[in-house]
Amino acid sequence: MFLDLNIPWPEVTPLQAYAHLTPILKLCATLGYDVVALNATVTTTKGAKDFLQRFMTIDIFEKLVLENPKLKILKRVTLALSDASPHQNIAQLVEDGWQIIAVCPRTEKQLQSCASALDVDIICIDTTQRLPYVLRHKPVCSAVARGVRFEITYSSAVTGNAKQCIANASMLFRASRNRGIIVSSGVRSCQGLRAPMDIANLVSLWGLKTSAAVNSISSIPEEAATQGILRAKSAKQTIIPMVTLDKSSELKLPPSKKLKKQ
Amino acid sequence: MVRLKARYLLFEILYPNRAELLGNADGKLFIKTLRQNIETYFGEYGMGQCQSMLVMKFFNPDTGLGIIRVGRGQEKIVQAAMTLMTHMNTDPVIIRIRRVSGTVKKSQEHALAISKQELFAI
Numbered sequence: 018m019f020l021d022l023n024i025p026w027p028e029v030t031p032l033q034a035y036a037h038l039t040p041i042l043k044l045c046a047t048l049g050y051d052v053v054a055l056n057a058t059v060t061t062t063k064g065a066k067d068f069l070q071r072f073m074t075i076d077i078f079e080k081l082v083l084e085n086p087k088l089k090i091l092k093r094v095t096l097a098l099s100d101a102s103p104h105q106n107i108a109q110l111v112e113d114g115w116q117i118i119a120v121c122p123r124t125e126k127q128l129q130s131c132a133s134a135l136d137v138d139i140i141c142i143d144t145t146q147r148l149p150y151v152l153r154h155k156p157v158c159s160a161v162a163r164g165v166r167f168e169i170t171y172s173s174a175v176t177g178n179a180k181q182c183i184a185n186a187s188m189l190f191r192a193s194r195n196r197g198i199i200v201s202s203g204v205r206s207c208q209g210l211r212a213p214m215d216i217a218n219l220v221s222l223w224g225l226k227t228s229a230a231v232n233s234i235s236s237i238p239e240e241a242a243t244q245g246i247l248r249a250k251s252a253k254q255t256i257i258p259m260v261t262l263d264k265s266s267e268l269k270l271p272p273s274k275k276l277k278k279q
Numbered sequence: 045m046v047r048l049k050a051r052y053l054l055f056e057i058l059y060p061n062r063a064e065l066l067g068n069a070d071g072k073l074f075i076k077t078l079r080q081n082i083e084t085y086f087g088e089y090g091m092g093q094c095q096s097m098l099v100m101k102f103f104n105p106d107t108g109l110g111i112i113r114v115g116r117g118q119e120k121i122v123q124a125a126m127t128l129m130t131h132m133n134t135d136p137v138i139i140r141i142r143r144v145s146g147t148v149k150k151s152q153e154h155a156l157a158i159s160k161q162e163l164f165a166i
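Line order of the protein sequences matches chains A and B.
Here the numbering used here is used: the first residue of the first sequence is 18, the next is one more, and so on.
Here the numbering used here is used: the first residue of the second sequence is 45, the next is one more, and so on.
FYI, nobody ran anything at the bench for these hints, they're computed from the structure.
Hints may contain errors.
Said to hold, decoys possible - Think about it this way: if two alpha-carbon atoms lie no more than 30 Å apart in a straight line, the pair counts; the simulated BS3-like pairs of lysine-lysine are:
(1) B:149 with B:120
(2) B:150 with B:101
(3) B:160 with A:180
(4) B:49 with B:72
(5) A:63 with A:89
(6) B:149 with B:49
(7) B:149 with A:180
(8) A:126 with A:155
(9) A:87 with B:49
(10) A:80 with A:66
(11) B:120 with B:101
(12) B:49 with B:120
(13) A:66 with A:43
(14) A:43 with A:126
(15) B:150 with A:87
(16) A:180 with A:155
(17) A:43 with A:89
(18) B:72 with B:120
(19) B:150 with A:180
(20) B:149 with B:72
(21) A:250 with A:226
(22) B:120 with A:226
(23) B:72 with A:43
(24) B:160 with A:89
(25) A:43 with B:160
(26) A:155 with A:66
(27) A:92 with A:80
(28) B:49 with B:150
(29) A:92 with A:250
(30) A:226 with A:126
(31) B:160 with B:150
(32) B:160 with A:226
(33) A:43 with B:120
(34) A:226 with B:150
Here the structure is a predicted model, which is why all the values come from computation and not from measurement.
With the sequences and hints as input, model every part of the structure.
Okay, structure coming up:
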């Protein structure tokens, strides 16, 4: 199973967004992806709620799901943290119906607090610009041990600044020692999208171990997505059955490892 | 004497802006662009490693499927150069590698299987 957990939801009117996303999702299905997540980038939890309301009221999301029977489409929110942002209410986001929750820290301090305490699924590392800090082994690996994954996007390498993307990616590979890495697209048009195994080859060339490169597009994002969905549909290790990413099987409980709450 | 070993990459050219190919997929332009791309991303060193073995073995302009021969050990470089390809002349393209194989025969069989599968899907 191949997953792409970052297809940005454009900040335009719902109908324009629909027209923008339709060809991208179609191409995802052609290239062999099974699960994609539409990603809304917001700065506050309140912004996320407005975002969701805007798109749910005229059923753009439902329409996209119906039109792509082969794909499982998830809703993901990314909190782009800024310097002055107050403590974010993650539980509120889960209540609002987001399935995967990610954060994008801007400073080393934020990264540390996200890595040590925040209950999120994914921490994004921006690949389009130079990181203002050096990724260190300790915070990164303690986050990975806690069950948080790190994500890089590859589309900037394909369509734009490959140098910066490779620099940030290899820094992350070194800091995390090849553990808990997700590679996703982050495409703004069909142009930047590539087939999953090609991406595995590309990142292995950038310095990720081959096995970790294959996992970074399959099993690790799958774990992140399952964890995100379970957060809303479970309490104290009791889950609502039929929570599965696989469309074909009706009841497939995830392995017990994934059930553990941090 | 050990024989010269190679890898055969079965690739597919996708044109996101075109509805149908109708024999218009351009194999010659593809290999030209690929050489340029290897040089851009891997420099003269990378190109020097690849170029003696880089040969297009087969190309079908109707399906956009083709087989390219690469020296063993350089297939990752060539595959990455294909992945990073965005345009052929001004046409936007997406290259997808369908199989990496050690013999032409197996990649041909795989190409046939893909074409059949796509035919039955219609």
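Consistency of the hints with the structure:
Using a Cα cut-off of 30 Å, the hinted pair residue 149 of chain B and residue 120 of chain B holds, with the two alpha carbons roughly 21 Å apart. Restraint check for residue 150 of chain B and residue 101 of chain B: the C-alpha separation of about 13 Å stays at or below 30 Å, so the hint holds. The suggested pairing of residue 160 of chain B with residue 180 of chain A is violated, with an alpha-carbon distance near 40 Å, which exceeds 30 Å. Proposed proximity of residue 49 of chain B and residue 72 of chain B is supported: the alpha carbons are some 24 Å apart, at most 30 Å.
Distance check on the hinted pair: residue 63 of chain A and residue 89 of chain A sit about 26 Å apart at the alpha-carbon level, within 30 Å; holds. Between residue 149 of chain B and residue 49 of chain B the CA atoms are separated by roughly 14 Å; this keeps the pair inside 30 Å, and the hint holds. In summary, the hint linking residue 149 of chain B to residue 180 of chain A is not supported, as the alpha carbons are separated by about 38 Å, beyond the 30 Å threshold. A hinted pair counts as satisfied when its Cα atoms are at most 30 Å apart, and residue 126 of chain A with residue 155 of chain A qualifies at roughly 13 Å.
Restraint check: the Cα-Cα separation between residue 87 of chain A and residue 49 of chain B comes to about 39 Å, which exceeds 30 Å; the hinted pair is violated. At roughly 20 Å between alpha-carbon atoms, residue 80 of chain A and residue 66 of chain A fall within 30 Å of each other, so this suggested pair holds. Proposed proximity of residue 120 of chain B and residue 101 of chain B is supported: the alpha carbons are some 18 Å apart, at most 30 Å. Annotation: proposed proximity of residue 49 of chain B to residue 120 of chain B holds, straight-line Cα distance about 15 Å (limit 30 Å).
For the hint linking residue 66 of chain A to residue 43 of chain A, the alpha-carbon distance of about 27 Å falls within 30 Å, and the restraint holds. This hinted pair does not check out: residue 43 of chain A and residue 126 of chain A have alpha carbons roughly 40 Å apart, beyond 30 Å. The straight-line distance between the Cα atoms of residue 150 of chain B and residue 87 of chain A is roughly 29 Å, inside the 30 Å bound, and the hint therefore holds. Only pairs whose Cα atoms come within 30 Å are accepted, and residue 180 of chain A paired with residue 155 of chain A is accepted, the gap being roughly 26 Å.
Using a Cα cut-off of 30 Å, the hinted pair residue 43 of chain A and residue 89 of chain A holds, with the two alpha carbons roughly 12 Å apart. Taking the CA atoms of residue 72 of chain B and residue 120 of chain B, the gap is about 21 Å. The hint holds against a cut of 30 Å. A C-alpha spacing of about 36 Å is found between residue 150 of chain B and residue 180 of chain A, which places the hinted pair above 30 Å, so the restraint is violated. Among the hinted pairs, residue 149 of chain B with residue 72 of chain B is consistent with the structure: their alpha-carbon atoms are about 22 Å apart, no more than 30 Å.
Annotation: proposed proximity of residue 250 of chain A to residue 226 of chain A is violated, straight-line Cα distance about 34 Å (limit 30 Å). For the hint pairing residue 120 of chain B with residue 226 of chain A, the CA-to-CA distance comes to about 13 Å; that is within 30 Å, so the pair holds. Straight-line distance between C-alpha atoms of residue 72 of chain B and residue 43 of chain A comes to about 28 Å, which keeps the hinted pair within the 30 Å bound. As the CA atoms of residue 160 of chain B and residue 89 of chain A are separated by approximately 26 Å, the hinted pair is consistent with the 30 Å bound.
Annotation: proposed proximity of residue 43 of chain A to residue 160 of chain B holds, straight-line Cα distance about 21 Å (limit 30 Å). Between the alpha carbons of residue 155 of chain A and residue 66 of chain A the distance comes to roughly 34 Å, so the proposed pair goes past 30 Å and is violated. Note on residue 92 of chain A and residue 80 of chain A: the hinted pairing holds, with a Cα-Cα distance of about 14 Å set against a maximum of 30 Å. With a C-alpha separation of about 15 Å, the suggested pairing of residue 49 of chain B with residue 150 of chain B holds against the 30 Å cut-off.
Straight-line distance between C-alpha atoms of residue 92 of chain A and residue 250 of chain A comes to about 15 Å, which keeps the hinted pair within the 30 Å bound. The straight-line distance between the Cα atoms of residue 226 of chain A and residue 126 of chain A is roughly 29 Å, inside the 30 Å bound, and the hint therefore holds. Annotation: proposed proximity of residue 160 of chain B to residue 150 of chain B holds, straight-line Cα distance about 15 Å (limit 30 Å). Of the supplied pair hints, the one linking residue 160 of chain B and residue 226 of chain A is violated, its CA atoms being roughly 35 Å apart against a limit of 30 Å.
Of the pairs offered as hints, the one joining residue 43 of chain A and residue 120 of chain B holds, with about 28 Å between alpha carbons and a cut-off of 30 Å not exceeded. Between the alpha carbons of residue 226 of chain A and residue 150 of chain B the distance comes to roughly 27 Å, so the proposed pair stays at or under 30 Å and holds.
In this structure, the hints that do not hold are numbers 3, 7, 9, 14, 19, 21, 26 and 32, in rising order.
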